[in-house]
Amino acid sequence: MFAQAKADDVLIKGATVMTAVRGTLQNTDILIRNGKIARIGANIAAPAGVRTIDATGKYVTPGIIDCHSHSMLDAINEGTFSVTSMTAVRDMLNPNDIAIYRALAGGVTAANLLHGSANSIGGQNSTVKFKWGHPVEDYPISDAPPGIKFAMGENVKRSTSFAPPGTAVRYPRTRMGVIETMRDAFLRARDYKQSWDDFKAKKTRVMPRTDLELQPLVEVLEGKRLVHAHGYRSDEHLNLLLLADEFGFKVATLQHGLEAYKIAPEIAKRGTGVSIFTDSWSYKLEAYDAIPYNAYILWKNGVNVSINSDSDERMRRLNLDAAKVMKYGGVPEEDALKMITINPAKQLGIDKRTGSIEVGKDGDIAIWTAHPFSVFSRVEMTLIEGETYFDRAKDAQMRTDMAKERETLEKLDINKPPAAGGGPPRVPTERRRGDRDDAEYGDGGNK
Amino acid sequence: MGYGIFTAEAQSRRETFMQQRMDSRSEYYQRAPKWFYAFLSASLRLCGSILLIGLTCLAQNDGTEQNATGKAGTFAIVGARIVTVSGEAINNGTVVIQNGKITAVGANAAVPSGAERIDGRGLTVFPGMIDAGTSLGLAEIGQGVNASVDVSEIGTMNANAKAIKGIHPHSSHVNVTRVNGITTVMSAPTGGLMPGQAAVINLNGSTADEMAVIGEFGLVINFPRVVAGGGGGFGGFAPPGPPIEFTELVRRRDTAVEDLKKVFRNAENYLRAKDAYAKDKTLPYVAADQRFEAMAPYIRGERPVIFTVERERDIRAVAKFVGEMKLKGIIRGGQEAWKAADDLKKNNIAVIYTHVYSLPVRDDDPYDLFFEAPSKMQAAGIKYCISTGDAGAEVRDLPYHAGIAGAFGLSKDDALKSVTLFPAQILGIADRMGSIEIGKVANIVVTDGDLLDARTNIKYLFINGRMLPLTSRHTRLFDSFKDRK
Chain A
165 MFAQAKADDV LIKGATVMTA VRGTLQNTDI LIRNGKIARI GANIAAPAGV
215 RTIDATGKYV TPGIIDCHSH SMLDAINEGT FSVTSMTAVR DMLNPNDIAI
265 YRALAGGVTA ANLLHGSANS IGGQNSTVKF KWGHPVEDYP ISDAPPGIKF
315 AMGENVKRST SFAPPGTAVR YPRTRMGVIE TMRDAFLRAR DYKQSWDDFK
365 AKKTRVMPRT DLELQPLVEV LEGKRLVHAH GYRSDEHLNL LLLADEFGFK
415 VATLQHGLEA YKIAPEIAKR GTGVSIFTDS WSYKLEAYDA IPYNAYILWK
465 NGVNVSINSD SDERMRRLNL DAAKVMKYGG VPEEDALKMI TINPAKQLGI
515 DKRTGSIEVG KDGDIAIWTA HPFSVFSRVE MTLIEGETYF DRAKDAQMRT
565 DMAKERETLE KLDINKPPAA GGGPPRVPTE RRRGDRDDAE YGDGGNK
Chain B
-3 MGYGIFTAEA QSRRETFMQQ RMDSRSEYYQ RAPKWFYAFL SASLRLCGSI
47 LLIGLTCLAQ NDGTEQNATG KAGTFAIVGA RIVTVSGEAI NNGTVVIQNG
97 KITAVGANAA VPSGAERIDG RGLTVFPGMI DAGTSLGLAE IGQGVNASVD
147 VSEIGTMNAN AKAIKGIHPH SSHVNVTRVN GITTVMSAPT GGLMPGQAAV
197 INLNGSTADE MAVIGEFGLV INFPRVVAGG GGGFGGFAPP GPPIEFTELV
247 RRRDTAVEDL KKVFRNAENY LRAKDAYAKD KTLPYVAADQ RFEAMAPYIR
297 GERPVIFTVE RERDIRAVAK FVGEMKLKGI IRGGQEAWKA ADDLKKNNIA
347 VIYTHVYSLP VRDDDPYDLF FEAPSKMQAA GIKYCISTGD AGAEVRDLPY
397 HAGIAGAFGL SKDDALKSVT LFPAQILGIA DRMGSIEIGK VANIVVTDGD
447 LLDARTNIKY LFINGRMLPL TSRHTRLFDS FKDRK
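Going line by line, the protein sequences match chains A and B. Count along the first sequence from 1, add 164, and you get the number used in the numbering used here. Just so we're aligned: 425 in the numbering used here is position 429 of the second sequence, and the numbers increase by one with no gaps anywhere.
It is worth saying that the hints were derived from the structure and are not from the lab. In this text the structure is predicted, and so the values were computed from the model without any measurement. Any given hint could be a false lead.
Claimed, not checked - Listed below are the simulated EDC-like cross-link pairs for lysine to aspartate or glutamate, each with C-alpha atoms no more than 16 Å apart in a straight line:
1) B:158 to B:361
2) A:200 to A:555
3) A:580 to B:241
4) A:558 to B:361
Stated by the list, open to error - Residues on chain A that point at chain B, a partial pick, calculated with CB under 8 Å:
5) 318
6) 323
7) 327
8) 352
9) 447
10) 449
11) 456
12) 457
13) 484
14) 539
15) 570
Backbone N, C-alpha and C fix where the C-beta goes; we use that ideal spot for every residue, glycine too.
Just chain A, same shape as in the assembly (with noise of 0.2 Å):
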């Protein structure tokens, strides 16, 4: 209590607070010290040396958390084999992507970084916090449980994709071979385990050799990595769940899961969580049938349902979407709350230490102008454990002084055309924005 103060430190101040478990609670103060929240409560005095935000008016929620989003990804699909376990979105996390600040202006301040889903068995997740600005080995949750991709349906069909001339049409192009591709990995995972659970019991002295492929399975058999599994019609993810109790690991989220309202007490058995979009629809034959009420039906159920992005774009009003599900069926606003904050947290092995303002979880928290459900609210400010990484006073100032530099770079010489007497002419590349899984052609993305 008497500590040093840290630079993080922050007393927050006379905020709305939606603290997505407890309710929320009018004119209250938090207090976050070595980034975890340490108060919460009514005229909470400033500890020297502790800076203060003064949110009179404002409301305050948990830092909004995406169960399913490709930022930061420098490639999405490693597309040539049918499983890529041995991948992990890991190995090329891109910091300087300018949609985690747009993400954070949203007030998102985590997200499940998930490989694409060209696959049946796709590459390892990371989940990470938004720490913009930080080196990149900042960015994963250090005790977030491991991930892995899984995929069904038209992507791992390849329906609406071609093949480059010359390359080989791949296995599996039916539902039928997504789901024996899955039961193959399994069985191969199973004897791969059987070998080592030998060689350490000492039935044999030959050591197996280490297979990076079947090792994270093995892992998700011995319920150490969550699967995350993409697909839309409920009759294949229906078909997951039952492979999965034949192999016995449980499946951590269905992703997308349009249609997982059509089985819903089959997943609420199984304790299995669901990430969806509240209302895209109609984009693709198999999400023909995803309807705006899917969260209500899940949620009545009882199972846990997240509201993702899978987009840049969508990213930036994770708000909005979880609003709408008070609307498609009557969905409560505390649980619309939780479906962007707690509930995936809980998908993700990190409600432990984000998800919701509670004593004891990390800092990690967005400032709204108004409720966070309003269409006009904006937010202010996203802090994740204790640190401010948006600030729209400060983002104004620094699109004044970027406005300045741009005009100041392109009058340089090396930059002029070579009509004005500048070099030969340099294209700018874009990076390419990959082939993302789905929500581009739903969700408004840029066209």
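Assemble the complex: chain A is given as a structure, and chain B must be docked to it using the hints.
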């Protein structure tokens, strides 16, 4: 009874998936059993008993086909807050709907005898929203179901292609969109230099004619743009070509614009020759050309040309083109429109702005660049409206596009106008729609909150004075599965 219901389900599935584009009845019959079995098995699991199946299906089969057309009559919404948009809001008033029109509005408006009274206490009456930048009804499922896509014709010059001839009145996008308060849209074809003619439609009707507000509203032109060259071919897999200097890219754009002018000149010449022949039969007969024929009202400035264009440099080129060719111009897209305010105003060009949701283009652009764009257009005096720019399925998000603009600089009143009165003005239908006024078409939404708020529930919906059920493909699927144990 059960069997008949299954047939109706199969029928509805067939229509929506196959877009009535199947080649023959026999193909349908080949497919029908698949649906029968799928639905039968789903229903058995679903309900657990034949009785429940019957009840469920009764609820679904309310005697209406997929896009219910509602009921006509005289309606009086009494005791509601009325947001007229064109004038002051009335805190406690009555709106009367008769013969498809608004016949009375006010605090003391009389309720005609025989009118169906709607208790408006605690509710708010708004004009229906208008999205002036969609392709709604032209594509059911854009990705992977080509059979349902009618949005882009082959070739580059398709002035005679008319959206009104391709819009599917029974598309589920119609019912899903309108139950969120959007009553009217402009639907435009895309693709090629001259994709065709856009239609303005109400989201109700069993035929295209019943839906049409203006069947042939505007000629769409994808205006030639300065685009960075050298991109890789084959979906980006091929290596990029050599870089091309900017001035050369501008030259190429200008050459394409000259080619476009030639098309206009040729059409003018064609029309002149035809007129001349009509007056003097000794002149050579002019063979009909339906593409030039279709351009006539647009060349003469009688109807607007809708230019899809985004960057400032290209918007200015459009303004120049409109001025030189003496056209009535509208811009759709208009990503950087506020930067070209002078040229737009000089040439009386309005902007259907479709980029509130778009990501900024450059990394160093402000994060809220396009959230703020409508307020910048407003401040610059540009005539604009906000649109989703969506193909169809997500047009229902229109209120939130406007709402976000309202969070970033636009006043709440202007945010509401940007999706009601402003698009009505740009589409030339403000005498009929866009506000709650006596004599206007009764396109009306009654809500329990702010029309632009994502939590607001729509309570009543009228299009052309018909009271529409608040059902959609989504409510039907919801009803089918919400109680499954």
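Going down the list of hints, with the structure as the test:
1. Among the hinted pairs, residue 158 of chain B with residue 361 of chain B is inconsistent with the structure: their alpha-carbon atoms are about 38 Å apart, more than 16 Å.
2. Only pairs whose Cα atoms come within 16 Å are accepted, and residue 200 of chain A paired with residue 555 of chain A is rejected, the gap being roughly 20 Å.
3. For the given pair, residue 580 of chain A sits about 11 Å from residue 241 of chain B by alpha-carbon distance, which is consistent with the 16 Å threshold.
4. Distance hint between residue 558 of chain A and residue 361 of chain B is fulfilled; the C-alpha atoms sit about 15 Å from each other, no more than 16 Å.
5. Against a cut-off of 8 Å between C-beta atoms, the interface hint on residue 318 of chain A holds, since the closest Cβ of chain B lies about 6 Å away.
6. For residue 323 of chain A, the shortest C-beta to C-beta distance to chain B is roughly 5 Å, which falls under 8 Å, so the interface hint holds.
7. The interface hint given for residue 327 of chain A is broken, as the beta carbon of that residue sits about 10 Å from the closest beta carbon of chain B, more than 8 Å.
8. At a threshold of 8 Å, the smallest CB-CB gap from residue 352 of chain A to chain B is about 31 Å, leaving the interface hint violated.
9. Interface restraint check: residue 447 of chain A against chain B, minimum CB-CB distance 6 Å, threshold 8 Å, status holds.
10. Annotation: interface hint on residue 449 of chain A holds; nearest CB of chain B at approximately 5 Å, less than 8 Å.
11. Because the smallest distance between the Cβ of residue 456 of chain A and any Cβ of chain B comes to about 6 Å, under 8 Å, the interface hint for this residue holds.
12. Here the hint on residue 457 of chain A is kept, as its CB sits about 4 Å from the closest CB of chain B, short of 8 Å.
13. Taking 8 Å as the C-beta cut-off, the interface hint given for residue 484 of chain A holds, the closest approach to chain B being about 5 Å.
14. Interface hint at residue 539 of chain A: satisfied, since its Cβ lies 3 Å from the closest Cβ of chain B, which is below the 8 Å cut-off.
15. Evaluation of the residue 570 of chain A hint against chain B yields a held restraint, the C-beta minimum of about 7 Å falling below 8 Å.
In the structure shown, a violation is registered for the earlier hints numbered 1, 2, 7, 8, in ascending order.
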